[in-house]
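Under mature numbering (1 follows the signal peptide of the UniProt record, and there is no 0), read the sequence shown as residues -31 to -1, 1 to 336, first letter to last.
Warning: the hint list may mix true and false statements.
Okay, derived cross-link-like pairs now, DSS-like style, lysine-lysine, Cα gap no bigger than 30 Å in a straight line [what the hints assert, rightly or not]:
hint, residue 1, residue 2
1, K242, K307
2, K242, K103
3, K243, K23
4, K243, K334
5, K239, K334
6, K134, K269
7, K317, K307
DEER-style ranges, computed between Cβ atoms [claimed, not checked]:
hint, residue 1, residue 2, range
8, D89, F27, 32 to 40 Å
9, S24, F109, 40 to 48 Å
10, D62, V263, 41 to 49 Å
11, V116, I312, 29 to 37 Å
12, F53, L331, 52 to 60 Å
Don't read these hints as lab results, they were simulated from the structure.
Don't be surprised by glycine CBs; every beta carbon is placed ideally from N, CA and C.
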Amino acid sequence: MAIQFMNPSSLVFVVFLLSIMLVFLPTSCSAQSHNQTHVLPKECEADISDCNNKSAAFRLKIIAISSILVTSLIGVCLPLFSRFIPLLMPDRDLFVIVKAFASGIILATGFMHVLPDSFDMLRSVCLPHNPWHKFHFSGFLAMLSAVLALMVDSLATSFCSWKRKNDYVIPKTESGDKEMGSIGGNVHAHGHCRHGVPQEGGSGDTLLLRYRVVAMVLEVGIVVHSVVIGLSLGATDNTCIIRPLVAALCFHQMFEGMGLGGCILQAEYKILKKSVMVFFFSTTTPFGIVLGIVLSNVYKSNSPKSLITEGLLNASSAGLLIYMALVDLLAAEFMGAKLQGSIKLQLKSYVAVLLGAGGMSLMAKWA
């Protein structure tokens, strides 16, 4: 069977590629038809503002690239080095509280930043009334991406269970009879569902896999949004937009990185995969800014093609972020044994969630 050769990492990657293809296929077709039938308002043809200053904007973009890169690295790497800081060890209460704070930031990013941006883009006056103003594409695509995340989560876990059942090694006793391994771990499983994690009736395999799926899907949602926001920042010459946006993005990237870093830590990846995930998270927004600078002469943020592409990508990203924050981060943590065993820690974690979500919601005023 084909599924035999597909590990959970490949499954996430394949589903992600399919979702991107589904986003871009209608985008390219619709953009061509819009150019033929829709007359653009004047405000959609050029960005006219008193704050437009190309040289000053370029300097701010260079500052943005370096500052966002540094804050992203600090945020995502801090949990990974927590093993050397006793107070921030994963089994300590402070780690749980910081992770709850970061989860609140990720939740607010989806609800207060990414999803509203998608609604604004896909209902812009620069797009024709039919079909973009007649149907809520943003909400629909966000819902689909959330279901897609659930599907990946569920299928990857089922795959692990199936693989574990089919990979048992059953040794023979001296008398030639097959000896059944006990639940305590005498049965050995091989493959991607097991990497030296203590087994408790197989639950260790499933838990580790869930951590890995959470880390990968969360990174996909963050990376998609980061490229889009970086592209928008790099393409504009409006200094009144760039200044507050840089400050907000530094705050956003640092604490969102802490949430992702905590997930990467729990996933127990090898050093190479950790490095790759840290690299992609840290560089996607700076890469988007550089791409926006390069394409600034041809890329117009208020053109129909740009609005459709960014709006659909933001909607997809929002669905992923909201699902991951609510289901795989907050619900999993608050319904887990550690928080269920301490009302005091629960209350502290709720305060942390509200502070993170509230702070990120306040940032929506500027970015």
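The hints, checked one at a time:
1. Our distance criterion of 30 Å between C-alpha atoms is met by K242 and K307, whose separation comes to about 28 Å.
2. Annotation: proposed proximity of K242 to K103 is violated, straight-line Cα distance about 44 Å (limit 30 Å).
3. The suggested pairing of K243 with K23 is violated, with an alpha-carbon distance near 38 Å, which exceeds 30 Å.
4. At roughly 34 Å between alpha-carbon atoms, K243 and K334 are farther apart than 30 Å, so this suggested pair is violated.
5. The straight-line distance between the Cα atoms of K239 and K334 is roughly 39 Å, outside the 30 Å bound, and the hint therefore fails.
6. For the suggested pair K134 and K269, the alpha carbons sit about 54 Å apart, so the restraint of at most 30 Å is broken.
7. For the given pair, K317 sits about 13 Å from K307 by alpha-carbon distance, which is consistent with the 30 Å threshold.
8. Separated by about 26 Å at the C-beta atoms, D89 and F27 break the suggested range of 32 to 40 Å.
9. For the hinted restraint 40 to 48 Å between S24 and F109, the CB-CB distance of approximately 42 Å keeps it satisfied.
10. Range check, D62 to V263: Cβ separation about 46 Å, and the 41 to 49 Å hint holds.
11. Look at V116 against I312: about 34 Å separates their beta carbons, and that is inside 29 to 37 Å.
12. In this structure the hint that F53 and L331 lie 52 to 60 Å apart at CB is violated, the actual value being about 33 Å.
In summary, the structure is inconsistent with hints 2, 3, 4, 5, 6, 8 and 12 from the numbered list given earlier, while agreeing with the others.
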